[in-house]
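Trainee: Chains as they are written, first to last, in the working numbering: chain P, 1 to 259; chain S, 1 to 184; chain A, 1 to 222.
These aren't lab readings, by the way, just hints derived from the structure by calculation.
Check the hints yourself; a few may be wrong.
As the list claims (entries may be wrong) - Quick partial rundown of chain S residues pointing at chain A, CB under 10 Å, derived from the structure:
id, residue
1, M1
2, F110
3, L113
4, I164
Unchecked claim - Below, a list of computed lysine to any residue pairs in the SDA-like style, where the Cα atoms sit at most 20 Å apart:
id, chain 1, residue 1, chain 2, residue 2
5, P, K150, A, L178
6, S, K111, A, L178
7, P, K36, S, Q178
8, P, K78, P, L18
9, P, K36, S, K111
10, P, K191, P, D210
11, P, K36, S, L176
Quick caveat: nothing in here was measured; it's all calculated off a predicted structure.
Beta carbons: idealized from backbone N, C-alpha and C, even for Gly.
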Amino acid sequence: MAFWAKGRSVSAAASFDLTVKTYAVFEAVSLALDGKTVLDGISLALSERRVGIVGLNGSGKSSLARLLNGLRLPTNGKVRLFGADTVSVAAQLPRHVGFVFQNPDHQAIFPTVEEEIAFGLTQIGHDRTSARAEAVGFLRRHRCEFLADKPIATLSEGQKQLVCILAVLVMQPCILVLDEPMTSLDGLAAKRILQKLQSLDQTLIMVSHDLSALTGFDRILWLEDGRIRMDGVPGDVLPAYAADLDRRAAAEVWEGDGL
Amino acid sequence: MTDRSLVQIAFYAALIAALGLLPQFAIPFLAGVPITAQTLGVMLAGVMLGPVRGALAVLLFLFLVAVGAPLLAGGRGGLWVFASPSVGFLIGWPLGAFAAGLIMRATRRFKVLPSAALAALVGGIGVVYLFGIPGISIMTGLALTEAAIGSAIYLPGDLIKVAITAVVAETVARGLPQALLSRA
Amino acid sequence: MIGRQMTGSSWLHRLPAPVKLLLLVAGGAMIFPVTDRSLLLVCLAAVLSLYASLRVEGLRQLLYLRPLLWLLVFFLGLHGLAGTWETGLSAVLRLLVMVLAANLVSVTTRMDDMINAIRPVFAPLRWIGLSPQKPALAISLVIRFAPVLLFVYGSLSDAYRARTGRATNWRLIAPLALQAVRMSENVAEALSARGGSRGLARCGKDTPQTGRALRLSTNEKG
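Produce the complete structure using the sequences and hints provided.
Mentor: As structure tokens, this is what we get:
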């Protein structure tokens, strides 16, 4: 028994039920950061395969996303993932809920692509040698074998983000949460990443400022000031959100927007 | 140790490395003795991260130097630097960072600027020279006083670095107060 | 990041790293009390012939130690001023032998082998409840982010120049330190999002592949 596994609750992992259709449930969730309320009384049940989250900066989108994989724990209320309270299973959550950040430079930890991928494998219990071999095989299956030996610093922005996504996918999560994954990319790279994401079997929950990326999604949440302003299919929510942006822009008032 | 501490330690070790590699700071001072920003990184590690994390950041950096990463100013690295006359200074670095961190913590009621200056002066010069000068003496056979006179050529540069450390700490504390982890 | 390691497969390369390190430590301990100049000269000749056994490439390694030469001349000068010229000469000879021997081990040992050889030093970390895996992760992080911080410094100095027209300035160290802190917060969060430095339940017993990283990154960039 590795000593660092000590104190880790083994039974907590058992309380996940990965077969439930409604994978995430928020029960009157509030979150305060540094004394400031960023989410306020959110209640939700998510069962869709493709969920988009839109809203202005500071509306609570990123915090909502972070609640899904235990990076943040609710101040009040409960978040349940696969039936388990995230407070009690936070340490196991990254195994089932992958998280991709906006800036790949802040996310890739290792000097080379192969190690970055292998890290995810050692995280889920592979030993060093098998992780190395398995990482190369994984890259090959995703037709990215050519990246294996490359130092991450030399990749294009799109390739970096792709590596970050693969590094999370290699841990075989059921859900992939993405916080503005295309914001730092050019148009072509963004399209490619979106295609890649759409092709995945995993459930996707994506925060995005690019509304066109979310048109094919099953459900859109529109957040405003820490609450859900609107919740529905893209055909309803996205035009309403876009109209609201136009209305605010036309008002040309910078104060009071929290900017 | 939390993930956060681990990453902070690694980032300060990387910062010490980056500062040593900046050619801009190699001011030709007093007949070509190189003045680099590297010891500035050592002082900053203690002042910013506090005693334990600061010392660990310096140790991590020195470990990489020992295994051959050319991270010391001028692209030096490898085991030989630990067999050179400067070895005492290298030993003094983590201890100096530790002392600087302790002083930051002990003077937390004071303003950042004087507190950081004191910490960098005592830790980054006092403690580092306390090990560095005997190191020279042992390695070169010079008497302690001669070794001290020989080391004095670094003093003006190091005093400048103390001032810079204090200003940097004060600036960082204004820009992002929680970044001053030595007082958090 | 370039290491000074020589590529090659000479007998010194093939010698296991722990053996080389032990020989180095033992040799250093033996030579340290020696003051006899002729004996030290013999040792120096022996070390130099080891370099010569690596042929031209080996002798070229000596050039990298030129900065040290000036330092030794400086110390010799101090000895001269103090009238202890002879002690100084012995000390300088001894230093040369030790430095050259240590450097020889460094240039003929790959960084990952060196780390593996030194790894047992981390074992005591277990006693204070730390994972020996953490230093390996920390090493990877330094190698990954030292160039990133240099890049950040470059961007800062560009921005500074664009507004002031002046060359770079030590003032940029403060924003560099700030950026480093901010970036470290993001990296720490991303690390936690993937299970953190402790790994997830049923963690493997081995460490991440740090050694390989070092080798690759040393081969990188000419």
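Trainee: Are K36 (chain P) and Q178 (chain S) close enough, with their CA atoms no more than 20 Å apart?
Mentor: 16 Å, holds
Trainee: Taken at face value, is the distance from the CA of D210 (chain P) to the CA of K191 (chain P) at most 20 Å?
Mentor: The hint holds at about 11 Å.
Trainee: Holds or violated: K111 (chain S) and L178 (chain A), Cα atoms, limit 20 Å.
Mentor: 19 Å, holds
Trainee: With the threshold set at 20 Å, check whether the alpha-carbon distance from K36 (chain P) to L176 (chain S) stays at or below it.
Mentor: Holds: K36 (chain P) and L176 (chain S) sit about 17 Å apart, inside 20 Å.
Trainee: Does the structure keep K78 (chain P) and L18 (chain P) at a Cα separation of 20 Å or less?
Mentor: Status holds; Cα separation ~18 Å.
Trainee: Take a quick look at whether K36 (chain P) and K111 (chain S) sit within 20 Å of each other, Cα to Cα.
Mentor: 27 Å, violated
Trainee: If you take the shortest Cβ to Cβ gap from I164 (chain S) to chain A, is it below 10 Å?
Mentor: 5 Å, holds
Trainee: Return the status of the interface hint for M1 (chain S): holds when the least beta-carbon distance to chain A is below 10 Å, violated otherwise.
Mentor: 6 Å, holds
Trainee: Please verify whether K150 (chain P) and L178 (chain A) have alpha carbons no more than 20 Å apart.
Mentor: With a Cα-Cα distance of about 29 Å, the restraint between K150 (chain P) and L178 (chain A) is violated, given a limit of 20 Å.
Trainee: Taking 10 Å as the limit, does the beta-carbon of L113 (chain S) come near enough to a beta-carbon in chain A?
Mentor: 12 Å, violated
Trainee: Please check whether F110 (chain S) passes as an interface residue: C-beta within 10 Å of a C-beta belonging to chain A.
Mentor: 19 Å, violated
Hint compliance for this structure: hints 2, 3, 5 and 9 are not met, and every other hint is.
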